[in-house]
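The listed protein sequences derive, respectively, from chains A and B.
Each residue of the first sequence is one higher than the one before, starting from 1 at the first, in my numbering.
Each residue of the second sequence is one higher than the one before, starting from 1 at the first, in my numbering.
Worth flagging that the hints you see were computed from the coordinates, not collected in a lab.
One side only, chain A facing chain B, incomplete, derived with CB under 7 Å: (1) L61; (2) Q65; (3) A68; (4) R71; (5) D91; (6) E95; (7) G96.
Computed far set for chain B versus chain A, every beta-carbon distance over 10 Å: (8) L53; (9) K55; (10) T74; (11) E85; (12) E99; (13) N114; (14) D124; (15) K133; (16) L139; (17) P149; (18) Q150; (19) R151; (20) T156; (21) V160; (22) H162.
Dumping the calculated DSS-like pairs for lysine-lysine here, alpha-carbon to alpha-carbon at most 27 Å: (23) A:K62 - B:K128; (24) B:K9 - A:K82; (25) B:K73 - A:K36; (26) B:K14 - A:K123; (27) A:K82 - B:K14.
Owing to the predicted nature of the structure, the values given are computational and were not obtained by experimental measurement.
Just so you know, even glycine gets a beta-carbon here, dropped at the ideal spot from N, CA and C.
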Amino acid sequence: MAVELTYFEGRGLGESVRFMLAATGTEFTETFLKDKAHMTALRNDGDLMFMQVPLLKIDGLKLVQSQAICRHLARKHGMDGKTPEDKARVDMINEGARDFLSKFFPIGFAPNTEAIKEDIKNKHFVRFLPIFEKLLAGNSSGYLVGDGLTYADVTLFEALLNAEDNIPGCLDKSPKVKAFKAKIGSLPRIKAYLEGPQRKPAPTPEYVKHAMSVLS
Amino acid sequence: MFMQVPLLKIDGMKLVQSQAICRFLARKHGLDGVTIEDKARVDMINEGARDFLSKYFPIGFAPNTDEVKNEIKTKHFSRFLPIFEKLLTDSSSGYLVGESLTFADLTLFEALLNSEEFFPGSLDGYPKLKTFKTMVGSLPRIKAYMEGPQRKGVPTPEYVQHCTSVLY
Chain A
1 MAVELTYFEG
11 RGLGESVRFM
21 LAATGTEFTE
31 TFLKDKAHMT
41 ALRNDGDLMF
51 MQVPLLKIDG
61 LKLVQSQAIC
71 RHLARKHGMD
81 GKTPEDKARV
91 DMINEGARDF
101 LSKFFPIGFA
111 PNTEAIKEDI
121 KNKHFVRFLP
131 IFEKLLAGNS
141 SGYLVGDGLT
151 YADVTLFEAL
161 LNAEDNIPGC
171 LDKSPKVKAF
181 KAKIGSLPRI
191 KAYLEGPQRK
201 PAPTPEYVKH
211 AMSVLS
Chain B
1 MFMQVPLLKI
11 DGMKLVQSQA
21 ICRFLARKHG
31 LDGVTIEDKA
41 RVDMINEGAR
51 DFLSKYFPIG
61 FAPNTDEVKN
71 EIKTKHFSRF
81 LPIFEKLLTD
91 SSSGYLVGES
101 LTFADLTLFE
111 ALLNSEEFFP
121 GSLDGYPKLK
131 TFKTMVGSLP
141 RIKAYMEGPQ
151 RKGVPTPEYV
161 QHCTSVLY
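I would like the entire structure built from these sequences, with the hints used as guidance.
In structure tokens form, the structure reads like this:
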């Protein structure tokens with residue numbers, strides 16, 4: 001059965017889902033939001049439980065809420081931690097990584113992009129990078145929890161891509177984090193996704209304008 | 001781990017991030033859905049219920065509490081209540097997913113307590129939600145908690161001031 005993602009033709013909250021689909025080896029097609037009428041039709045169709053995208057049609061389910069979607073994919077493919085303790089750690093660390101990732105979402109959308117980047121540089125890097133550096137230093141496998149890739153690794157990786165994209169060199173003082181980014185980025189499925197056609201670019205002004213008009 | 005509370009020490013772990021803590025407790029006690037599909041539905045519905053619950057968090061803390069309350073009344077109720085009313089209508093068990101209590105029910109219940117507390121009568125047009133709130137509230141463990149000494153009060157100005165002084 002085909003797996004179908006409905007979202008904007010851009011990163012946003014959908015990109016986390018795309019990364020998890022890639023990491024789990026799940027092929028998927030995409031429906032991009034065309035305009036406000038398209039959004040209205042989707043809302044009226046009843047597929048969007050909370051009237052929001054992303055929407056992932058998979059396994060007979062119509063899933064919304066990007067984090068619930070990611071955790072479903074993780075559970076299905078054993079990427080959510082092995083033991084109950086590991087599952088708790090993965091969940092907790094993912095929440096923190098998600099907090100960090102979310103600092104990048106307003107870039108391009110909020111009017112004060114430079115102020116946001118300054119905040120990230122002066123406040124959020126200082127707050128978050130040492131925590132992840134310590135977590136990675138404490139685990140010999142190079143992953144955040146246990147011996148294999150979990151959804152927490154995928155979230156942190158996405159945040160680090162954003163970090164390097166917006167503030168090049170920001171990871172230079174965090175060697176474990178830097179090595180982690182290289183490691184995850186070279187996993188075959190992740191590498192193929194990053195180099196492939198479904199990876200979306202950073203938001204352009206045109207993309208932002210379009211997204212705002214769809215949601216207005 | 002992330003320099004924030006709540007912190008729960010349990011089973012040899014030091015857990016932070018309230019939602020991760022809740023999901024751990026749910027998994028441990030089978031309150032997270034039975035099938036893999038149910039687990040996905042519980043997770044998804046909990047996220048939405050959590051969105052709704054979070055609208056109440058600024059009350060007492062944000063300077064413009066009346067505006068916050070007004071937005072809940074004029075925007076968030078009409079956005080969220082019909083969705084949960086429909087989910088409960090489609091469920092024969094009276095719970096949001098499956099046949100028994102899940103962590104999604106608890107999140108919604110907490111949100112509805114806030115609704116009734118700040119806006120008495122706000123659930124009057126939503127019979128299923130009203131029934132749900134009564135049902136969950138009368139479950140022995142929930143009832144005992146609500147009536148017991150560990151249930152906390154709504155934020156007072158003194159409490160808000162204390163929190164602010166601790167965090168900043």
